[in-house]
Amino acid sequence: MLSDGLWLMVIGMSVVFIFLGLLVKAIDATSMILRKLPGAGSGDVPSSGGKTRPAARGKEEIAVIMASLADRSRKGS
Amino acid sequence: MLSDGLWLMVIGMSVVFIFLGLLVKAIDATSMILRKLPGAGSGDVPSSGGKTRPAARGKEEIAVIMASLADRSRKGS
Amino acid sequence: MLSDGLWLMVIGMSVVFIFLGLLVKAIDATSMILRKLPGAGSGDVPSSGGKTRPAARGKEEIAVIMASLADRSRKGS
Amino acid sequence: MSLISGFQNLWSSTGLANFTWGQAIMIAVSLVLIYLAIRKQFEPLLLLPIGFGGLLSNIPVAGIADANGFLGLIYGFGIATGLFPLLIFIGIGAMTDFGPMIANPKTALLGAAAQLGIFATLLGALALNGHLGLSFDLKDAASIGIIGGADGPTAIFLASRLSPQLLGSIAVAAYSYMALVPIIQPPIMRFLTTKKERAVQMKQLRNVTKREKIVFPLSTLGICTLLIPDATPLIGAFMFGNLVRECGVVDRLSKTIQGSMIDIVTILLGLSVGTKLAADKFLHAETIGILVLGFLAFSFGTAAGVILGKIMNRFSRDPINPLIGAAGVSAVPMAARVVNKVGLESNPDNYLLMHAMGPNVSGVIGSAVAAGVLLALLS
Amino acid sequence: MSLISGFQNLWSSTGLANFTWGQAIMIAVSLVLIYLAIRKQFEPLLLLPIGFGGLLSNIPVAGIADANGFLGLIYGFGIATGLFPLLIFIGIGAMTDFGPMIANPKTALLGAAAQLGIFATLLGALALNGHLGLSFDLKDAASIGIIGGADGPTAIFLASRLSPQLLGSIAVAAYSYMALVPIIQPPIMRFLTTKKERAVQMKQLRNVTKREKIVFPLSTLGICTLLIPDATPLIGAFMFGNLVRECGVVDRLSKTIQGSMIDIVTILLGLSVGTKLAADKFLHAETIGILVLGFLAFSFGTAAGVILGKIMNRFSRDPINPLIGAAGVSAVPMAARVVNKVGLESNPDNYLLMHAMGPNVSGVIGSAVAAGVLLALLS
Amino acid sequence: MSLISGFQNLWSSTGLANFTWGQAIMIAVSLVLIYLAIRKQFEPLLLLPIGFGGLLSNIPVAGIADANGFLGLIYGFGIATGLFPLLIFIGIGAMTDFGPMIANPKTALLGAAAQLGIFATLLGALALNGHLGLSFDLKDAASIGIIGGADGPTAIFLASRLSPQLLGSIAVAAYSYMALVPIIQPPIMRFLTTKKERAVQMKQLRNVTKREKIVFPLSTLGICTLLIPDATPLIGAFMFGNLVRECGVVDRLSKTIQGSMIDIVTILLGLSVGTKLAADKFLHAETIGILVLGFLAFSFGTAAGVILGKIMNRFSRDPINPLIGAAGVSAVPMAARVVNKVGLESNPDNYLLMHAMGPNVSGVIGSAVAAGVLLALLS
Ligand code: NA
Ligand code: NA
Ligand code: NA
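Protein chains in written order, with the working numbering: chain G, 468 to 544; chain B, 468 to 544; chain W, 468 to 544; chain R, 1270 to 1648; chain Z, 1270 to 1648; chain A, 1270 to 1648.
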């Protein structure tokens, strides 16, 4: 049974890595295609992605983000 | 079967017209009876029926109404 | 059957009184124990129990309480 | 299918061709309930859905109250299983502040005394059995008695278990008399007390800490577990809601329980209780008996609470205004407000509202315990 | 289990190894629905969940649409029983203001005329039967016709009772054409009316009292009870919601019904209607027929409403703008807004919106009544 | 019935007369969970209802956890069918912003590495089998391993399918260790990294457009469909919620999903998971084993994420702080906040929060995929 478990591990980790690897490719492909599509530059609002630039942020901004994360009590995931 | 469909149409449209015809009568009767009932004039607030006087309204007011209708996303009826 | 009902009454009222009697004791015991526990004085906020001092209140405050009770439409209990 | 046969089929499926007298009467009764709910504001949150459910359940041909009908399905899912009344109890728990009772716990005993209404009515129902064409067995009598508990969900929970065929009239009686508390109780309260008693001022309530409020639902459930486990579905649901309210760490759940959850369940419960207003289930001599007995239940409960209040006032160190005993029947918070009003008549500076909340909420617990005893011994 | 056999087992359970052409096509169709919902805002509240449910239901191996699958279970609970469409109707009732119709009741007749679309389409479906490989029986024809009612819940309720195997295409057609009302209706409206007719100004609507609005749902249910009890689940749910809205004593219920209750049910209904987009249930010649017939249904209904509007305008004391007849197909409030827009083209001072709301909401009642007739005669 | 026999009947139905040791112990365990939820804020949204459900399920006589009991009924409706965990996943999807992961997609691979915790624990459980009186088969081992996924709904979904008898301890372990993430992870993170690695600053994340966020849930579901359809109920529910969130045309549904829907389901799920804390279902040697293994699962997952982070940092063009690999275990957003805190210790200007959200949310997907593999091969 232990060997069954080992196979499960090899298969499972492979599938997880293949899955997320494909997802990485899909995300890259999507962003490339959408950038080339007409209207991508103008019509598209840069959405809440604007929130994803924290590297240069000051402590105060981070505090706000973390507080908002705390609010999003996420029910165990 | 086509003749069955024809009967269905005749019966169905009759019932729909009879139904809504009776409803028209019932509405008229209700408003007449309620007007004669004591307290109809005083105690009764003219309610949101006040909203139903658009004929003379300006464009601005209509815009407000239509915006509020848009909000009332009605889930397909 | 009437005598069965009488027994039910004796048993039922006894249990109700024993239950609520024990509850009274439990409440008294809880408040005594908690008062002796460390941090009881400091860490504990006096919570909405603050709302439970109406005897000396003016009419205005009572009106507010009653209005809030009216809001708490309690669905028949 | 020809046109003629089509119209004949249709005619034979109209309400006009299929109405029974019973259905006509019950539609009138349902309209009265709706009228009382809207015009007189008789517990409208429940009586409006119940009345409308009654309308729908008495429509010929449609079969809305049948096991596979719209409301019959909801009944089977939520009432026959006991689920809806318990979910409502979670909601009521989340809406209840036990602070006034914890601050002056001995007033909880007044909520015990008021349960006499339940058992006196049970006896009354048994006494009526065999007379006037009425037939009640022990289970029926218990279900009728619980009207005196003045708690809708408890009454529906117990009746759905012991006497589902009487559920319609029991629910209607319970909610109607709850709405009539301001009319039923004051004369009894005035009759049993002197003006001096009614004017008694009570000691200011002490502060209650958050910790006490958190421990309370757990110790209540503990006592219930040891003493009368058959009451734990009701008491457990009630105390779960209250713990969610008081613990302070799950406020979003508390808000939803008090808001959309209890509202949705109330609508479904009300409509499906209305199925028991179908003519064949409601129009019996027993229904009249139940309405009369339910009235007595409220009166007896009020009297028992007030009388124990008088006794406690005599023997207690701190004064107790006997009027607050009347709040022990529950009907939260209506009965407590009635106490406050009657108290103000005798002493315009005497606000009894908070003092009456103690017996008021302990009466909810008392009725659930009484229901547990009846379930333990009769089911 | 060896590594090889493990990978083989896994491979044999992948989507790649199990895809059918049908599933691939239906996934494309579902993506188109999602695209239309998001990009073109075609009734997104329904078409997004339906489209996503369609995606999930066409995943090989997973069996999500099976009786024990995630969405199959929800379908069995809420659609097969009729529960979800009726709960949605309660919500729609609580969102509907019948004021404009009560103020000018004869416009309700325009909502009757528009139901011709239902029956004309029923005839059309029967005429197509046996041709082009299509096979529709009377029940199927009735379910297809109801698309012309332009009311999603009514269509889902009737189809789930008479022709569950067609439910997917009927729901998709109903919601898609509702979204297309601004494109389908105006040409028909312009073709059937003169510019002068389109410019007709109507008399200002009178005030409607709260009492009239409270009596209205009860008298509508009363007429339905007498005339066509088979329509009372739909009309009853609709009128219950409306009474909750108008009575003024249960506002918290009204708010919850219009908010979280209808939202939750919409999500569950949409996703589980999507199970009928599973390839084996959707990919038939019949689906094409249904889409064509559904388009005709909307067109016929619009035309019938406008034509009766012309007739009524000729014989009525107060002028009636025939355009408002087009709103009789329902698709609330989209069709009424289309009327307003087309009216403004001919007379920039002529706001027909409120006048069109009368036929608009009476069309909902009319379709439910028509569904009742079909249920009474065919089920 | 005499008074004596009545009291005897009643006594024989009290909790006092029927308590078992097991029930007493489990009531103590449930009280500890409630204490941790309230006082230590250990995932209170779940552990409070689970703990209270545990209390109710260990009350003698009442039978609340039985198939026909209050909570047993809810369990049968929502957990045995898998419905509740999937509805919660819809809610979590509507609460999740995949922006940070889309902005730097290769960090998603860290969420893959962290799933090693699942499979290492699976192996550990099999190694323990037969020792210390423990007995785990492959399905049990898989259910225990999934604790390492640090996703409550995924764990409950898988365990309810493969090993329902272990569901109680698995759910308790999963939520408890999630709450303990700030204690379990930092020592492992510090042990496996140098101070220099912990101080690595990452490149500012790029903007993500609305369109990318809309396409993302659809392509994720697409990959899942092709590769591992058994994961599509979980991934599908998750992605449906996310599409509702991002598409911008159904905001009212998004609000209700994130609000009252997930709250109501959380309450019902928590209480009914508590039924698995009934003494006869929980008090086995296996439970201790599960708690130990669950702890290892979190540790292994954390380590695997950090180690892959170190490797990627060495080979990547842009620097990657290895700490963010620890967030790959999920426990959203707790683990990402822990990363931020440990990062600040080494470099007070280094805010890793947003960078850690990428692995954090990809870990949710990774665990659902792993669950799909286990379902495909073992069920
Ligand atoms: Na009571
Ligand atoms: Na219609
Ligand atoms: Na995870």
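Mixed in with the good hints, there may be bad ones.
Sample of chain A residues lacking proximity to chain R, with all beta carbon distances greater than 12 Å (derived) [stated by the list, open to error]:
id : residue
1  : Asn1278
2  : Arg1308
3  : Lys1309
4  : Glu1312
5  : Gly1338
6  : Phe1339
7  : Asn1398
8  : Pro1456
9  : Lys1472
10 : Gly1528
11 : Asp1532
12 : Ile1533
13 : Glu1614
Not everything, but these chain R residues come out facing chain B in the computed CB check (under 10 Å) [stated by the list, open to error]:
id : residue
14 : Ser1274
15 : Asn1278
16 : Leu1279
17 : Ala1297
18 : Tyr1304
Derived DEER-like restraints, expressed as beta-carbon distance ranges [said to hold, decoys possible]:
id : chain 1 : residue 1 : chain 2 : residue 2 : range
19 : R       : Asp1335   : A       : Ser1281   : 51 to 59 Å
20 : R       : Asp1335   : Z       : Arg1459   : 30 to 38 Å
21 : Z       : Trp1280   : A       : Asp1520   : 36 to 44 Å
22 : A       : Thr1463   : Z       : Lys1309   : 51 to 59 Å
For the record, the hints were derived by calculation from the structure and aren't laboratory data. Note that the structure is a prediction, hence the values are computed from the model and not measured. All C-beta atoms in this analysis are idealised placements derived from N, C-alpha and C, irrespective of residue type, glycine included.
Right, here's what the structure says about each hint:
1. Asn1278: At about 6 Å from chain R, A/Asn1278 fails to clear the 12 Å cut-off, so the statement is violated.
2. Arg1308: 9 Å, violated
3. Lys1309: The claim is violated: A/Lys1309 sits with its nearest Cβ about 10 Å from chain R, within 12 Å.
4. Glu1312: 10 Å, violated
5. Gly1338: 8 Å, violated
6. Phe1339: 5 Å, violated
7. Asn1398: A/Asn1398 is indeed farther than 12 Å from all Cβ atoms of chain R, at 37 Å.
8. Pro1456: 27 Å, holds
9. Lys1472: 36 Å, holds
10. Gly1528: 7 Å, violated
11. Asp1532: 4 Å, violated
12. Ile1533: 5 Å, violated
13. Glu1614: 28 Å, holds
14. Ser1274: Because about 8 Å separates R/Ser1274 from the closest Cβ in chain B, which is inside the 10 Å limit, the hint holds.
15. Asn1278: 9 Å, holds
16. Leu1279: 6 Å, holds
17. Ala1297: 18 Å, violated
18. Tyr1304: 14 Å, violated
19. R/Asp1335 - A/Ser1281: 51 to 59 Å: 40 Å, violated
20. R/Asp1335 - Z/Arg1459: 30 to 38 Å: 49 Å, violated
21. Z/Trp1280 - A/Asp1520: 36 to 44 Å: About 41 Å separates the Cβ atoms of Z/Trp1280 and A/Asp1520, which means 36 to 44 Å holds.
22. A/Thr1463 - Z/Lys1309: 51 to 59 Å: 55 Å, holds
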